[in-house]
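The listed protein sequences correspond, in order, to chains A and B.
Counting in my numbering, the first sequence runs from 10 upward without gaps.
Counting in my numbering, the second sequence runs from 10 upward without gaps.
There may be inaccurate statements among the hints.
Remember, identical chains collapse to one label, so a pair may be satisfied in a single copy or spanning two.
What the hints assert, rightly or not - Think about it this way: if two alpha-carbon atoms lie no more than 25 angstroms apart in a straight line, the pair counts; the simulated DSS-like pairs of lysine-lysine are:
#, residue 1, residue 2
1, Lys219, Lys282
2, Lys282, Lys153
3, Lys69, Lys219
4, Lys93, Lys153
5, Lys27, Lys153
6, Lys155, Lys219
Bear in mind the hints are in silico, worked out from the structure with no lab data behind them.
Keep in mind the model is a prediction, meaning the values are calculated, not measured.
2 protein chains.
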Amino acid sequence: MSQKINRQIVLAQRPSGKPESANFRLKESTIPVPEDGQVLCKTIFLSLDPYMRGRMNAGKSYAPPVEIDEVMGAGTVGQVIESKNSKFIAGDLVFGYGGWQEFWVQKGTELKKVDPQLAPISTATGVLGMPGVTAYTGLLNIGKPKKGETVVVAAASGAVGSVVGQIARIKGAQAVGIAGSAEKCKYVTEELGFDACVNHNSPEFTEALKAACPDGIDVYFENVGGKVFETVSPLFNDFARIPVCGIISAYNSTELPPGPNLTPLLMRDILVKRLTFRGFIVWDYATQEKEALSEIANWIKVGKLHYREDIVDGLENAPEAFIGLLEGQNFGKLVVRVSDESAV
Amino acid sequence: MSQKINRQIVLAQRPSGKPESANFRLKESTIPVPEDGQVLCKTIFLSLDPYMRGRMNAGKSYAPPVEIDEVMGAGTVGQVIESKNSKFIAGDLVFGYGGWQEFWVQKGTELKKVDPQLAPISTATGVLGMPGVTAYTGLLNIGKPKKGETVVVAAASGAVGSVVGQIARIKGAQAVGIAGSAEKCKYVTEELGFDACVNHNSPEFTEALKAACPDGIDVYFENVGGKVFETVSPLFNDFARIPVCGIISAYNSTELPPGPNLTPLLMRDILVKRLTFRGFIVWDYATQEKEALSEIANWIKVGKLHYREDIVDGLENAPEAFIGLLEGQNFGKLVVRVSDESAV
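So here's chain A without its partners, still in its complex pose:
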């Protein structure tokens, strides 16, 4: 291998509020050497996802934080460069948790092979990866949409939301998306086939959402929280289900919103409308991963499920792309192309 240097992006300092470029630092290291059972991989695609914002804070969330000077964590699609594991050979395409860097070493038991015949390999970070399985398991285990019911999902053109709405339709429900621009809404209805999509940045958001949900809301897949949630919640029907997958609007907050404290209203709604709120993380449903991926792959194959990727070139552009993701500037699943696949 000619290249000797491993370029990495590490956490330089913890952000207060919105992350800035100064929170990240490009670092050069030597390329790690695999030990017995391990595999050295070159990163081709790096996944950027909202949950990473939580890892930049000091406090424990559901996973430990990234340490200062540590490489930012991430799911990655890569190619095997050197294998000390009998299950992999040089040239294999794999998915693992390589992080924001050009090369990584991982135990073979923690890598999965990626099938380039199934779909573009980048989708292992999106529709055929964690976001797809998140959408599938959260919607079907907690949302449980029935025929004719109305399912609402925010961040509807994004990696998770786009899959939620399309599966809702496959299950016979109405899918109503919420997205941040007229262009995204157009894509959500015209290309993803949602029944409606409303722009939360439009001054007519409240009225438009009401009009798009004439029979109320039976399932709300929560990705964003904040003002969108406050607009959605008055439309909940009795016995509505709310899978809580993320609250991206709060990730950059440094303080709580001003009063009044709306918690009693939420509790009253839960009681009077007999709502179910349930938080989940994709690995709570790890046993369903195989089934989810096989169903999604099949839906893609028969043209029932579409996806869109927002591909940014160059590891050095990952921080800026990630900062934009938290503001909704991406359009589709955000992925960084770190290198090209090599001929073997």
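Chain A is already provided as a structure; the job is to place chain B on it using the hints.
Only chain B this time, still in chain A's reference frame:
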């Protein structure tokens, strides 16, 4: 029948905040006459329950409001005076929804016979009635306590909370109560057999609750909301279940609490700890009523389940007793004795 007058308590005006005597009025009417299929009953016991506060407001909750000058609604245990239904004869003891009055007429199909051999007939408004079934169905369908888990319930000496904690223990869980006085706490541990009970009016409430739940909280049966909820929620374990049965602390509120708005904290807890909040009303589980009552009756018989009633004499004292109920002044299931059972 010698008596010709039916004394009733009607809603005189809607309360703003805490109900006052002036919101109620004693009214005299003629005793109603049953039509075919109906039964005329004399009220012996009248049940007072927190949900009635919601019915005094104009807005629709899960049931329509009581109208001005309408008799306040309530579950009642009574005795049949005159029957035009072949399934009932004079002297039968029955449970129905007679409301705050001395006599009522109801369709026979809406009445249930009460067995005085099983337990004192007043219990048909409490442990062997709606509150008992509420505790049973909410705890077992939503809370789902497992052996060794910790179940916390507020209003622990009350009609619902007392049953929740005792069933939790029957199912092998630890039961921790929250109540409003040292005397109530003593009753909850010594007579109901809870593992611990803490006084929410004590300045050491937060520390005492933490000490009583060294392994965190797996099930919180929500009856009260407000400050108690805010003290309980930091102790939730991952995957805790929260059946939402009532939020009595908010029933008399005329405005939302001041800021900051704590909703994002609640949503973050739901997400990160993967909590389940689910509201319910006893009649959502109507099909389980028979099973619930039969199990509870059996637990009482074998000495595994105890109860306490707070009996107030005289229909005219119902308003004051109800006002006190919302402040936690009762001690046990609150019932008004409206008349005595007659010899047949």
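Hint check against the structure, violated hint numbers in rising order:
Hint check: 4 and 5 fail, others pass.
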